[in-house]
Amino acid sequence: MFTWILRESYKIGLSPTIPAWAHDLWFVIMGLLIFAVIALPLIIAVAYLTLWERKILAWAHYRLGPNRAWGYGFLQPLLDAVKLLIKEDIVPVCVDWPVWFLAPIVAFTPMVACFLAIPMSNAFVNMKLQLPGDTEPVMHVFQVPMIAGNLNIGLLFILALSSLVVVGIFMAGWGSNNKYSLFGGMRSAAQIISYEVPVILSLLCVALLAGSLSTVDIVKAQKFIPPGEMKTYLELDRLSMSGSGFDYTKRGDYLNLDYFKNLEGDEKIIAAGKLYHRYNDYVNTQGSPRLPFIIPLFIAFIIYFIAGVAETNRSPFDLPEGESEIVAGFHTEYSGIKFGLFFLGEYGNMILISAIAVTCFLGGYLGPAIPGMSWITASTGEYIYYFFWFILKVCLLVSVMVWFRATFPRLRVDQLTDFAWKALLPISFINILIVGYMHFADWNFISIAETNWILWYDNIVRPFEYPFLRALMLLFFVPIVSDYVYRYRKVIMPRFIYAEIAFILAFMGYDIFTLWFGSKTFEIVLRCLLYAVALFLTIWMWRDVILAMRSGQQFPNLPEEEAMGMVEKVKPGPLGVQETIEIPTTSYARE
Amino acid sequence: MIEKDQNIAPTQKHLDQPIGSDFDQNLLSFLDSEFKKRKTLDAILGRFVPLWGILKGLNITRKAIFAPKSTIQYPEQKLPVAKGFRGQHVLLTDPHSEQLCICCGSCVNICPVNCIEIKFEQAKETSKRKRDLIEYNVDLTKCLFCNLCAEICPEFCIILGPKYEYSDITRGLGNLMVTKETIERRATNEEYDEILAKKGPKKSAATGDTTKAKPEN
Amino acid sequence: MAFTLTRIQRAEADTIEDSEEYILNMGPQHPSTHGVLRLLLRCDGEIVKEIKPYFGYLHRCYSKVVEDLTYVQGVPYSDRWDYLASMTNNHVNCLAIEKLAGIEVPRRAEYIRVIIAELQRIASHLFWFGTQVNDLGGYTPFMWAVRHREKIVDIFEELSGARLTYHYMRPGGVMRDINSKAGKWIEEFIKELPQHMRNYDDLIMGNEILLVRMDGVGVLTSDLAIKYGISGPVLRATGVKWDLRKNIPYSVYPEFDFEIPTRQKGCSLSRWEIRIEEIRQSARIVAQALMTLPAGDYKAKVPRAIKPPKGDVYAAIEAPRGELGMYMVSDGSTKPWRVHCRSSCLINLTALNEITRGAPIADLIAILGSIDIVLGETDR
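For the record, the sequence lines run as chains A, B and C.
In terms of this note's numbering, the first sequence opens at residue 1 and continues consecutively.
In terms of this note's numbering, the second sequence opens at residue 1001 and continues consecutively.
In terms of this note's numbering, the third sequence opens at residue 2001 and continues consecutively.
Hints were generated in silico from the structure; no laboratory data involved.
Hints are supplied without guarantee of correctness; some may be wrong.
To be verified - Keeping only pairs whose Cα atoms sit at most 30 Å apart, straight-line, the calculated DSSO-like set for lysine-lysine is:
hint	chain 1	residue 1	chain 2	residue 2
1	B	K1083	C	K2241
2	A	K55	B	K1056
3	C	K2181	B	K1199
4	B	K1069	A	K83
5	B	K1083	C	K2191
6	B	K1083	C	K2184
7	B	K1063	C	K2151
8	C	K2184	C	K2299
9	C	K2301	B	K1083
10	C	K2184	B	K1036
11	C	K2049	B	K1083
12	C	K2335	B	K1119
13	A	K179	C	K2049
14	B	K1036	B	K1078
15	C	K2181	B	K1083
16	C	K2184	B	K1198
17	B	K1078	C	K2151
18	C	K2335	B	K1037
19	C	K2151	B	K1037
20	C	K2191	B	K1063
21	C	K2241	B	K1036
22	B	K1078	C	K2184
23	A	K179	C	K2246
24	C	K2191	A	K422
25	B	K1198	C	K2191
26	C	K2191	B	K1069
27	C	K2049	C	K2227
28	A	K55	B	K1078
29	C	K2052	B	K1142
30	A	K268	A	K128
31	C	K2299	B	K1078
32	B	K1037	C	K2049
33	B	K1037	C	K2184
34	B	K1037	C	K2299
35	C	K2151	B	K1056
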């Protein structure tokens, strides 16, 4: 809305060229407005989130949380903030000062910036304006989504900015000149970049379904259209396609429709304006399932939520700041408000992840229709109703995050990254395949049986066969050159030979069977079998390595080590079963 | 060790001595059956639903979040302590404020950390006792609160009472060196009856090697 | 001045074998070392190559101090070894004195001692369970376990008057008899225990995160365990069926029917499972003792000044953390000539280096917790 005002201000009398100071002042005013409307309430919300988290954690422990400050602890966040502000700011010697100093800021700011692209409500604004060329002031209807900047790449903007937080954490780990902090920074960097990929893949499904990267469009694509409304839209579709002169992009054309014959004057204009906006939204979101995306995309939601929790360094993924293991991780050397900034950044990130999940999966600010609410005639409180639903949903998801913290212990860092790369990532890929197919088939589950699978295989799968096999071969060779496999080469070598034969057969089979066999089905089946065998051997090769790494099994002595006498004297630990040993007791008994 | 069949006549009659038959005789079988319980639905779902343990954990925490809480709001509400709680010392006197202590010095001798210090003098000819207690100082910073002084006292007049809030913020010992004035109080009638019952029918002076302390020089 | 090393630091720095290694100090102040324990780790990345434990920060010269105290005066000092399982410390001290001086303990006192010792085992294992899960990141089970343990501490407060260092067991018996109020509380506690154990099972033992954190972590073989002299649940996890209550019975344990849980794998998860199972077995022992509690004295008539004949004695019990032993030498006077406490935690700690070799630092926390040390007993 602000940009509309800026762009069309010439129509209401402002000159097209304004002096430079006014131009700059406009941006300053915009910045302050955004700060007042978004950043300040965000900081207050984050502060009260700390209180809410302490309360829920305490309730899970059968105790009350802070309950001494103002009744139920409502003054506690302010007291905590004041306490942090008046603490002595301790700067350790030998820190890398610019890096150390900027780290909290770099970790906090991108998170606040991401909130500029999240829609919190949708308002219809009716203004009586007299534009140049009008004889009298006319009622205008604007649709104003409550978003700071309605980017048409909103989702991309959010993802890009939220990736900057890891830079701040890494800076903190390095700049602190402390081994514990370095640990925390390294672990956190590895964790966050591992979990970025499932996040992006899940949100890809959302963008696919909504047909747009703009967050406002994503929310509007989740709006359920009741049958009465849908009937109107279908008629308008017919009207606009029937050549009757009805142009759905022109506001004036709506005034001539039959729906408004009982309304007069301003009321009619408002109703027509609302219909104009709603119909445009309907047209822009064609093809989406018109349900909160959690219903078709529940797997993507679960993946997104888990990966989002990992992005924010929260339990069960809070090893980088694991209090009991590396004292405080990357924010060990920060005191006072610097620590406060990290703290606020983490909680703000929680709210951000919840807000994105709400926007993309739970229907954003949308809520169920109240019987009295009309979808055309004026309803002034609609935006409050939407805002309330947005806040409620975000609070719910944030509470679920706190519930997770109350319940789960921590994962070790290699288990974290294992989970991201080996569990979440493959599931995300398979999810994209399934969602892509279902969206292509307009969510008709019956169409699976009616699909021409051969045509699908030839056009979609076949181009990827050769790259897939090449990638598999690369993957297969990687463990061979690693140190672990070198020590296990007696075990690995035969398998390598088997796999080599399988690969050769797969490549030869590609050519041989296309020449000899005419039956497509048999060819498809055979080739899939060969790929499956190759994949199985790769996984088998990796499995031993991973098992050996995980169990801490001592390596067998290499012949050169034994020859030089560098033999490890400790026997390897057991992976198998030992017999129970009973010790006779006669030698110890007295009396 | 004593043989299983040997009859033991209880030599000290206590009003409140529960024996095995006072307790529920099905306790062991109840425990065994409870420990063996497994929920079948839980086992089946656990095989098929991924991350089942995690979901169960979430359920348990959810129940706890909405359960009644156990917090006691401390200075306004305090938990009651047990009857024989071992807190700050209490030097009992007669219900008529007559001194019970005979200044034998048993508590001083038995204390493992030597935190009790007493001063006494020979009593006047007319009084019942031989010695009058002048000072009774206990250094609470050293005290182990082990109850040995209370158990060795032949007159049962020094006990460890229920007071546990005796901290102080002064630089020196302050509150933590308790004196006779701080800890002396009159025994209630019930307490005095108990003391008399414990001392038994003979009201002679204390026996044993307790009179090692010498009068103040 | 910030870059000069002390003589010891230089010696430690010299042990670095590879240029990729570094020394990390998990100092005496650390949230997970369960007390003032200093661990010097030589690490390569996140893998620990060698651990040097430095203890002694809590050494209070117990053995020297009690040489100047009589036997009865020395018993409160034994409270302070393993302050989380104080009753069993008193138990071993009184056993040693009774063996030396030839004091016979009445049957009721023995039964009370068994009830109290097993309740103390349950309390100690609950506290251990809470702190270990706290180290691994689960704050909730810690609070629940401590809250559950409060019920036992309330029972002990009713019986002895104190909440941490009870000084309840005396040479010859116990300090006060179990009254009906305490007996009712014990019975209620035992009845509620299965429900709580099911809660802990649901929350913890089936939790995939904890299983993956502890399974296969910190494996100890049985031959190593016997060589190092390890005892308690750590030993039973490696497959050795050794529990002093069955193998070298003391007190009235032969009269009760209970099992000794044993596992084969030797990893952290095995130690966990054994301790959880021990809680259940201890509850069974308490139930049996309550059901058959005889009437009688709660304390034998002991001379005011115990003067045992010349000689020495070693008395050991199965404390919650292992074999807690007491070696006493008497020279015929009222004060002992020499007293030594065989600390289970110290001996168990010596195996840490072997177990943790090659594990990442995060595993070190899990292993240290599963060995279950208390610095009061390690340092005495």
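Results of checking the hints against the structure:
Using a Cα cut-off of 30 Å, the hinted pair K1083 of chain B and K2241 of chain C is violated, with the two alpha carbons roughly 43 Å apart. Distance check on the hinted pair: K55 of chain A and K1056 of chain B sit about 22 Å apart at the alpha-carbon level, within 30 Å; holds. Taking the CA atoms of K2181 of chain C and K1199 of chain B, the gap is near 25 Å; set against the 30 Å cutoff, the hint holds. The suggested pairing of K1069 of chain B with K83 of chain A holds, with an alpha-carbon distance near 28 Å, which does not exceed 30 Å.
Distance restraint check for K1083 of chain B and K2191 of chain C: the Cα-Cα separation of roughly 25 Å lies within the 30 Å cut-off, and the hinted pair is therefore satisfied. Of the pairs offered as hints, the one joining K1083 of chain B and K2184 of chain C holds, with about 16 Å between alpha carbons and a cut-off of 30 Å not exceeded. Only pairs whose Cα atoms come within 30 Å are accepted, and K1063 of chain B paired with K2151 of chain C is accepted, the gap being roughly 21 Å. Between the alpha carbons of K2184 of chain C and K2299 of chain C the distance comes to roughly 22 Å, so the proposed pair stays at or under 30 Å and holds.
For the hint pairing K2301 of chain C with K1083 of chain B, the CA-to-CA distance comes to about 25 Å; that is within 30 Å, so the pair holds. Taking the CA atoms of K2184 of chain C and K1036 of chain B, the gap is about 25 Å. The hint holds against a cut of 30 Å. Restraint check: the Cα-Cα separation between K2049 of chain C and K1083 of chain B comes to about 54 Å, which exceeds 30 Å; the hinted pair is violated. At roughly 27 Å between alpha-carbon atoms, K2335 of chain C and K1119 of chain B fall within 30 Å of each other, so this suggested pair holds.
At roughly 17 Å between alpha-carbon atoms, K179 of chain A and K2049 of chain C fall within 30 Å of each other, so this suggested pair holds. This hinted pair does not check out: K1036 of chain B and K1078 of chain B have alpha carbons roughly 39 Å apart, beyond 30 Å. At roughly 11 Å between alpha-carbon atoms, K2181 of chain C and K1083 of chain B fall within 30 Å of each other, so this suggested pair holds. The straight-line distance between the Cα atoms of K2184 of chain C and K1198 of chain B is roughly 26 Å, inside the 30 Å bound, and the hint therefore holds.
For the hint linking K1078 of chain B to K2151 of chain C, the alpha-carbon distance of about 17 Å falls within 30 Å, and the restraint holds. Restraint check for K2335 of chain C and K1037 of chain B: not satisfied, since their Cα atoms lie roughly 53 Å apart, outside the 30 Å limit. Pair hint K2151 of chain C plus K1037 of chain B holds up; C-alpha atoms about 24 Å apart against a cutoff of 30 Å. Restraint check: the Cα-Cα separation between K2191 of chain C and K1063 of chain B comes to about 21 Å, which is no more than 30 Å; the hinted pair holds.
A distance of roughly 23 Å separates the Cα atoms of K2241 of chain C and K1036 of chain B; the hinted pair therefore holds under the 30 Å criterion. Pair hint K1078 of chain B plus K2184 of chain C holds up; C-alpha atoms about 23 Å apart against a cutoff of 30 Å. A C-alpha spacing of about 48 Å is found between K179 of chain A and K2246 of chain C, which places the hinted pair above 30 Å, so the restraint is violated. Proximity of K2191 of chain C to K422 of chain A is assessed by CA-CA distance (about 45 Å); at most 30 Å being required, the pair is judged violated.
Pair hint K1198 of chain B plus K2191 of chain C does not hold up; C-alpha atoms about 36 Å apart against a cutoff of 30 Å. Note on K2191 of chain C and K1069 of chain B: the hinted pairing holds, with a Cα-Cα distance of about 21 Å set against a maximum of 30 Å. Pair hint K2049 of chain C plus K2227 of chain C holds up; C-alpha atoms about 21 Å apart against a cutoff of 30 Å. A distance of roughly 22 Å separates the Cα atoms of K55 of chain A and K1078 of chain B; the hinted pair therefore holds under the 30 Å criterion.
For the hint linking K2052 of chain C to K1142 of chain B, the alpha-carbon distance of about 35 Å lies beyond 30 Å, and the restraint is violated. In summary, the hint linking K268 of chain A to K128 of chain A is supported, as the alpha carbons are separated by about 14 Å, within the 30 Å threshold. Between K2299 of chain C and K1078 of chain B, the direct Cα distance comes to roughly 34 Å. Violation of the 30 Å bound is thereby established for this hinted pair. Pair hint K1037 of chain B plus K2049 of chain C does not hold up; C-alpha atoms about 44 Å apart against a cutoff of 30 Å.
Note on K1037 of chain B and K2184 of chain C: the hinted pairing holds, with a Cα-Cα distance of about 25 Å set against a maximum of 30 Å. A C-alpha spacing of about 40 Å is found between K1037 of chain B and K2299 of chain C, which places the hinted pair above 30 Å, so the restraint is violated. Using a Cα cut-off of 30 Å, the hinted pair K2151 of chain C and K1056 of chain B holds, with the two alpha carbons roughly 26 Å apart.
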